[in-house]
Amino acid sequence: MAEKRTVEVALSTSGLDAEGRPQRIPLVVDDGGRVTTLEAPLSIEPELEGEHMLINLGPQHPATHGVLRLVLELDGETVVRCIPHVGYLHCGFEKIGEYRQYNQIIPWTDREDYLNSPGNNVAFALGAERLFGVEITPRCTVLRVIAMELSRIMSHLVWLGTTCIDIGAFTPFLWSFQERERIYTLLEQWIGARLTTTLTRVGGMGADIPDGWMDGLRDFTHTFPKTIAEVDRMVTRNGIWVGRTIGIGVMSAADAVNAGLSGPLLRASGVAYDVRKDFPYLDYETYDFDVPVGTNGDVYDRFLCRMEELRQSVRILEQAAARLPDGPVNVDDARLILPPKSKATSEMESMIHHFKQVMEGPRPPIGETYVAVESPKGEKGYYFVSDGTPKPVRWRIRPPSYVNLSAIPQMVEGHLLSDVIAINASIDIVMGEIDR
Amino acid sequence: MNPSAERIREKFPTAFVRAEVIWAETTVYLHPESVGDVVRYLHDDEAERYDYLSDVTAVEYRDLELPLQVVWHLRSLPFRRFLRLKAEIPRGAPLSVPSVYPIYKGADWLERECYDMFGIEFVGHPDLRRILMWEQYAEGYPLRKDFPLRGRFSRSEQLRQALAAEPESRYSMTELTIADAFEDLPLEMRQRLAGGEKTGE
Numbered sequence: 001m002a003e004k005r006t007v008e009v010a011l012s013t014s015g016l017d018a019e020g021r022p023q024r025i026p027l028v029v030d031d032g033g034r035v036t037t038l039e040a041p042l043s044i045e046p047e048l049e050g051e052h053m054l055i056n057l058g059p060q061h062p063a064t065h066g067v068l069r070l071v072l073e074l075d076g077e078t079v080v081r082c083i084p085h086v087g088y089l090h091c092g093f094e095k096i097g098e099y100r101q102y103n104q105i106i107p108w109t110d111r112e113d114y115l116n117s118p119g120n121n122v123a124f125a126l127g128a129e130r131l132f133g134v135e136i137t138p139r140c141t142v143l144r145v146i147a148m149e150l151s152r153i154m155s156h157l158v159w160l161g162t163t164c165i166d167i168g169a170f171t172p173f174l175w176s177f178q179e180r181e182r183i184y185t186l187l188e189q190w191i192g193a194r195l196t197t198t199l200t201r202v203g204g205m206g207a208d209i210p211d212g213w214m215d216g217l218r219d220f221t222h223t224f225p226k227t228i229a230e231v232d233r234m235v236t237r238n239g240i241w242v243g244r245t246i247g248i249g250v251m252s253a254a255d256a257v258n259a260g261l262s263g264p265l266l267r268a269s270g271v272a273y274d275v276r277k278d279f280p281y282l283d284y285e286t287y288d289f290d291v292p293v294g295t296n297g298d299v300y301d302r303f304l305c306r307m308e309e310l311r312q313s314v315r316i317l318e319q320a321a322a323r324l325p326d327g328p329v330n331v332d333d334a335r336l337i338l339p340p341k342s343k344a345t346s347e348m349e350s351m352i353h354h355f356k357q358v359m360e361g362p363r364p365p366i367g368e369t370y371v372a373v374e375s376p377k378g379e380k381g382y383y384f385v386s387d388g389t390p391k392p393v394r395w396r397i398r399p400p401s402y403v404n405l406s407a408i409p410q411m412v413e414g415h416l417l418s419d420v421i422a423i424n425a426s427i428d429i430v431m432g433e434i435d436r
Numbered sequence: 001m002n003p004s005a006e007r008i009r010e011k012f013p014t015a016f017v018r019a020e021v022i023w024a025e026t027t028v029y030l031h032p033e034s035v036g037d038v039v040r041y042l043h044d045d046e047a048e049r050y051d052y053l054s055d056v057t058a059v060e061y062r063d064l065e066l067p068l069q070v071v072w073h074l075r076s077l078p079f080r081r082f083l084r085l086k087a088e089i090p091r092g093a094p095l096s097v098p099s100v101y102p103i104y105k106g107a108d109w110l111e112r113e114c115y116d117m118f119g120i121e122f123v124g125h126p127d128l129r130r131i132l133m134w135e136q137y138a139e140g141y142p143l144r145k146d147f148p149l150r151g152r153f154s155r156s157e158q159l160r161q162a163l164a165a166e167p168e169s170r171y172s173m174t175e176l177t178i179a180d181a182f183e184d185l186p187l188e189m190r191q192r193l194a195g196g197e198k199t200g201e
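Protein chains in written order, with the working numbering: chain Z, 1 to 436; chain P, 1 to 201.
Since the hints were made in silico from the structure, they are not lab data.
Just so it is clear, the structure is predicted and the values come from calculations on it, not from any experiment.
Quick reminder that beta carbons are idealized off the backbone N, C-alpha and C, glycines included.
Here are the simulated SDA-like pairs of lysine to any residue, each with C-alpha atoms no more than 25 Å apart in a straight line:
no., chain 1, residue 1, chain 2, residue 2
1, Z, 277, P, 78
2, P, 145, Z, 99
3, Z, 391, P, 88
4, Z, 391, Z, 340
5, Z, 95, P, 89
6, P, 145, Z, 389
A partial selection of chain Z residues facing chain P, derived with a Cβ cut-off under 7 Å:
no., residue
7, 87
8, 257
9, 258
10, 369
Work out the full structure, taking the sequences as your base and the hints as a guide.
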């Protein structure tokens with residue numbers, strides 16, 4: 001056996017000596033010059049037994065999915081306490097909404113949950129239409145279902161990709177972003193924008209779908225399930241994935257309901273609450289789809305629920321594509337819908353309507369309404385209060401990821417630091433929506 | 001009308017003010033101090049089972065004579081019912097209502113946000129402090145109607161306050177007592193921080 005000898009290295013990582021200079025510590029190398037053990041002088045090692053450490057996770061950490069800051073108290077590597085801090089992205093959407101006409105607020109809804117812009121646009125328009133007392137056309141209803149399901153797939157794909165990266169799988173990220181790009185192309189053909197779509201108007205849509213668009217949608221619904229199946233083969237029974245996710249961040253059904261969780265997070269705990277089924281809107285009760293429900297409420301079940309929701313969204317898209325009726329997209333109401341530009345510049349009556357709408361804005365009756373839809377994150381609600389003027393008195397966003405995130409201390413405490421990343425990823429937060 | 005409204009009127013005659021239906025949504029107006037009891041009944045009673053709190057928020061009208069309203073949106077998942085509770089706080093009265101946090105854990109951040117934006121005190125909330133704005137925020141309550149859209153302070157004043165803030169102010173008091181962070185820092189670092197240098201964020 002080779003005799004051990006020690007050499008000194010210039011710089012070490014174990015701090016300063018008594019005079020404040022960098023500590024020089026001996027490394028143990030064998031005859032071949034390879035470092036075999038590190039023998040730090042025991043007297044200099046700080047005594048950490050039983051002491052708790054306080055670390056900041058975020059707000060710049062890439063795995064916090066935005067500017068979330070978690071202050072974690074650690075005992076070794078175990079989280080003893082977690083205190084979340086939010087608000088770094090607060091821009092006062094609700095305050096700004098009180099100074100805007102209803103149609104002018106729709107671009108703001110793009111920017112709160114920016115992975116789900118078409119879904120937010122539809123939710124806002126549904127709420128405003130109930131406030132105005134407007135019935136939308138059958139074609140518009142089906143188009144909105146298509147928009148909502150496309151945006152659900154888009155949001156879940158971002159969730160899938162980023163979560164895979166957080167837990168250590170890179171390939172599904174590339175696949176899911178490829179598929180998401182195809183949806184962006186479809187949206188671009190439809191409305192001209194990709195991320196901030198502003199797809200709806202109060203009483204209709206910003207644009208009807210162009211000719212041949214449904215072929216692109218059918219092509220997508222035909223090939224997309226193959227990608228899900230590939231991700232499924234790659235990840236679902238992967239040993240690392242299973243080891244990192246099963247039994248992590250468990251919420252029981254009663255806890256989850258009491259904490260106000262919604263969306264896949266709640267359903268993974270075994271509560272089959274889906275706004276589309278329980279409080280239907282946009283004729284969702286006439287579509288044939290299932291609501292996946294988990295049993296354990298851990299990170300793995302949330303993953304399975306979202307994967308199944310992707311497949312169910314494809315089912316809904318296929319049914320919507322098959323039943324899309326012909327006819328007008330916008331309601332026939334000169335108070336709400338702008339006349340075509342050619343008429344506005346040639347007919348007196350249309351010009352007056354155009355002027356009144358742009359300068360004053362449509363006036364809803366006095367009243368209030370709370371409209372909730374099933375966004376990819378959970379129950380997304382818009383609460384409007386009107387005093388009869390063209391601008392709302394109060395426009396309240398009920399952000400699902402805000403309430404979901406508030407339960408994170410309950411989920412992470414007692415787990416390891418590395419599990420915090422997995423749990424945080426499984427909540428699927430968008431800070432734009434949380435801070436608004 | 002949601003059948004729960006009638007039952008609230010029978011069980012809590014002193015708490016009940018009125019009920020109305022608008023766009024097929026039932027709203028029950030309650031006296032502010034009795035909200036906790038009514039919500040407890042709605043949550044616990046076998047015939048009601050409002051087990052899900054959707055939202056807590058407040059409404060202030062442009063007409064500043066009208067009372068400020070605190071709004072609770074409740075759902076009963078087993079019965080698929082939706083109910084809106086409202087408490088009106090008259091002008092001049094202290095802005096305080098009972099917290100529903102002991103009943104719904106989900107009320108934690110919703111009530112904190114409502115406090116942050118409107119200045120409504122939720123009596124019984126264990127950790128009522130600002131959430132979206134920082135804790136030293138001194139301009140008031142942003143969603144109140146007397147708050148200007150641009151904020152109360154000028155940009156230069158906002159910048160001055162941000163630069164003058166102590167680095168410890170980014171931690172809550174509980175966090176500082178966990179760490180005793182400042183005392184444990186090396187002397188040289190303490191001097192730098194005391195001289196006004198900021199930690200990056």
